[in-house]
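Chemist: Chain by chain, the residues run as shown.
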Amino acid sequence: MTGYWRLVAISLRTAPAQVLGWALAVCALVTSSASAIGDKYAEQASRDAYAATYVGTQSSAALQGRGYNLETLGGILANELGYLTLIMLPLIGLHLAIRFTRSVEDTGRLDILTAGSVHRLAPAAAGLTAAALTAVLTFLLSAAALVTLDYPVAGSLRYAGSLAALMLAFTGIGALVAQCCRDARTSYVLAVACWMVSYLARAVVDARGVDLTWVNPESWLAEIRPFAAQPPLWPWLAVAATASVSFAAAAVVATRRDQGAGLVPPHPGPAAAPSWMTKPLHVLVRLTLGVCLGWTVGGSLFAFSFGYLTKQISVLSAISGATRSDNIDATVSLFVQMNALLAAAAAIQLTQWLAAEETSGRVGYALASPVSRRRWWGATAALVTAWSLVLLICMGVCTGLGLAAGFGDVGYLDDGVPATLAYTPAVLLLAVIALALQSVNPRVVTVTWLAVGWGIVVCLRADLLDLPEWARRLSPVHWVGAVPRDAWDRPAALVMTLLALALAAVAVLAFQRRDLRAG
Amino acid sequence: MHAIEAEALCKRFGRTQALDGLDLAVRQGEVHGFLGPNGAGKSTTIRALLGQITLDSGRARIFGLDCRRQSVQAHRRLTYVPGDVALWPGLSGGSCIDILGRLQGGLDPKRRDALVERFELDPTKRTRTYSKGNRQKVALVAALSVDADLYLFDEPTSGLDPLMEDVFQQCVRELKDAGRTVLLSSHILSEVEALCDRVSIVRRGAVVREGTLADLRSHTLTTVTAITGTAIARLADLDGIVDLTVEQQPDGVHTRFRVGRAALASAVGQVAAADPTALTVEPPSLDELFLTNYRTDTAVTEGTPA
Ligand SMILES: Nc1ncnc2c1ncn2[C@@H]1O[C@H](COP(=O)(O)OP(=O)(O)OP(=O)(O)O)[C@@H](O)[C@H]1O
Ligand SMILES: [Mg+2]
Chain A
1 MTGYWRLVAI SLRTAPAQVL GWALAVCALV TSSASAIGDK YAEQASRDAY
51 AATYVGTQSS AALQGRGYNL ETLGGILANE LGYLTLIMLP LIGLHLAIRF
101 TRSVEDTGRL DILTAGSVHR LAPAAAGLTA AALTAVLTFL LSAAALVTLD
151 YPVAGSLRYA GSLAALMLAF TGIGALVAQC CRDARTSYVL AVACWMVSYL
201 ARAVVDARGV DLTWVNPESW LAEIRPFAAQ PPLWPWLAVA ATASVSFAAA
251 AVVATRRDQG AGLVPPHPGP AAAPSWMTKP LHVLVRLTLG VCLGWTVGGS
301 LFAFSFGYLT KQISVLSAIS GATRSDNIDA TVSLFVQMNA LLAAAAAIQL
351 TQWLAAEETS GRVGYALASP VSRRRWWGAT AALVTAWSLV LLICMGVCTG
401 LGLAAGFGDV GYLDDGVPAT LAYTPAVLLL AVIALALQSV NPRVVTVTWL
451 AVGWGIVVCL RADLLDLPEW ARRLSPVHWV GAVPRDAWDR PAALVMTLLA
501 LALAAVAVLA FQRRDLRAG
Chain B
1 MHAIEAEALC KRFGRTQALD GLDLAVRQGE VHGFLGPNGA GKSTTIRALL
51 GQITLDSGRA RIFGLDCRRQ SVQAHRRLTY VPGDVALWPG LSGGSCIDIL
101 GRLQGGLDPK RRDALVERFE LDPTKRTRTY SKGNRQKVAL VAALSVDADL
151 YLFDEPTSGL DPLMEDVFQQ CVRELKDAGR TVLLSSHILS EVEALCDRVS
201 IVRRGAVVRE GTLADLRSHT LTTVTAITGT AIARLADLDG IVDLTVEQQP
251 DGVHTRFRVG RAALASAVGQ VAAADPTALT VEPPSLDELF LTNYRTDTAV
301 TEGTPA
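Here the protein sequences come in this chain order: A and B. Each residue of the first sequence is one higher than the one before, counting from 1 in full-length UniProt numbering. Each residue of the second sequence is one higher than the one before, counting from 1 in full-length UniProt numbering.
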């Protein structure tokens, strides 16, 4: 393929942080968990006790996947990390695939590159090579870390390999999605939808103990059984098949479609704007309608599924002695915290979109009209906060619906909304942090994802990692307390709301004072 | 009160001094050309006028309104075509025109439709699928549909075909007849010559020349060629004559020189006295005029250039 190596070099040079950063993040997670588990389950007896709590039940598998070989350290590690790896790895894979292909194409850089002596498929192939390199690095770094921590060598290699394999399978899916959609934005929406379907399907399959693990890439991570005496071969073949089929399909689509376009040619639109679109807020609503509806549907589905699975999941802790309703409450608080983090993620993504409006020059263009910066900022903030509230309410309702459906008891219907809405101040605070960063510099909004990522770690894995209280406190969601198990922490909610308001005020001032980018 | 008054604008981006004491005055009702080589600071000036960037120093006012502090009031009276037209992907061109017009405070639908017709624009296409020229037309239609006092155009015709260029020039003439003010940044010299009352030439963030085209011409050299029977006497002694060449050819002595405005009359007098069989006096071409002013190695001096 002419030009392939040159383009690989360009991809790596333009985004080394992406390639290395994600691999390091996964490796850091694996290392910290592996060492924590190594300390906690140093005795065989404690491992057997751990394994015993899982016998005969797959209830928590909805969140962490199925656990195998739980009497070994490696098995416990894989099982405990399932909470995060099943979310992180696919999303990283999808993100990198889009980031290195479609996003580059969107900038128009490809038009210049392909005008040179470069094979038609070389840019996409080179971008995907860079993306796949992250999977390779993840494998190497994690394997090295595990072996250093005295985990069995073969098992460590297989486990690190399984992480890379899951990432790679989703890189393939992301590559296909990126080729089919008309731009990076739609690609991200579709890709996240694909992941969510896969994740929820696995959750249902695992929680219900259905024998359908072979259909879904998300299930294969556990099915590789890295620490088994005789691990099966088929999951590896399944990953290889998925990756090669999707890469091949992506290549076919790439040769069929026009550069800069999607699979479906755009159809003509209206000759005039609808008459309701007269104010900045209306325009922003129109621009973000698609992605917001996507989040609402996805979030609702997520909330419903976990509400529905609560019955099975809370059985697990019941075995270990607590009263039943306590367990249900503990499980529900986990899920409503996840609802809150999803809403915050939606707010951040929306803010990123609006930041991209500025870097593309469109905000500068629109603000040549008699619209003050403060009004524009107000419209942006209103849009972001309103959508995250709508999302929270929808997810709260769906959690309630799911609980009622799962327990077969309509009494649970109104459990979701109050618990979810208790986290509103935390969501607001995260949204305002994203907006404030955007107001200072539209390019740094990405940093807020760290807060959400950390929120997920604290929410799902704080106890395992033995995180100190101050580290947990870095996640605003943690400030509220575990509603409905604990009472709502009113002072914390008040402080967060005030903090959000203060930050918003500073952000408006910053936005009014700084230079607008481009345009 | 001028439409635009900018005094000693300075703006630094990192290591680039984008504006370095730029002065600009645009009178009401005139079409003002804003010229200069790439990276001279034209777009930066326009962005400063729009209040998009904070100036390090200097003061910019539009109709007496401060460009930064009173930007909203100022923007009520102006409309803008950016140098890099970025439209909302996924929307149709017609929607973009309406959105921009309504943010501006309402556009005249009749005028909009007439302009869409004149510029032969298909408003139903998605913005991603427009060609460069068509994207430019969307921005032009959006700006021209608005009834403003001041029109800020940053390379408005880049990418337009000659027919559309002509339509644009007609539109600007109509604006001028209606007493509107236009600031036109452009690299198309014929357009500037056809439309502009006065021009400002920017180089390295400062205006190096400013005035009517005739003024600018008077600072440059006129080329004179003549064929005479005998060599013209005392020509070389005259002040302000440059590039003098004299050649003996079968049909006579070919003399060619360039001369500044001050010495033009006496030089032509000398030539006439030698009884020429052919005489041409060419005013400096526009290209030449600009090239002299654009080149960074040319010393910028008032009066006769050396
Ligand atoms: N946001 C920015 N950051 C850094 N440098 C900038 C920025 N905007 C402009 N510049 C620099 O300022 C200088 C003036 O740029 P400007 O866009 O005003 O030029 P211009 O006269 O419009 O040129 P052209 O004819 O090419 O459009 C250039 O050197 C440019 O690189
Ligand atoms: Mg420019």
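In short, the hints are calculated from the structure, not lab data. Careful, some of the hints might be misleading.
[Stated by the list, open to error] For lysine-lysine, the following DSS-like pairs were computed, each having C-alpha atoms within a straight-line distance of at most 30 Å:
no., chain 1, residue 1, chain 2, residue 2
1, B, K110, B, K176
2, A, K279, B, K125
3, B, K110, B, K132
4, B, K176, B, K132
5, A, K279, A, K40
6, B, K110, A, K311
7, B, K110, B, K125
8, A, K279, B, K132
[As the list claims (entries may be wrong)] Taking CB as the label site, the calculated pair distances span:
no., chain 1, residue 1, chain 2, residue 2, range
9, B, E120, A, S372, 29 to 37 Å
10, A, R256, B, S131, 38 to 46 Å
11, A, R109, B, G39, 17 to 25 Å
12, B, R173, A, P16, 49 to 57 Å
A virtual CB, placed ideally from N, CA and C, is assigned to each residue, including glycine.
Chemist: So, against the hints stated earlier in the document, which numbers end up violated here?
Modeler: 5, 6, 10
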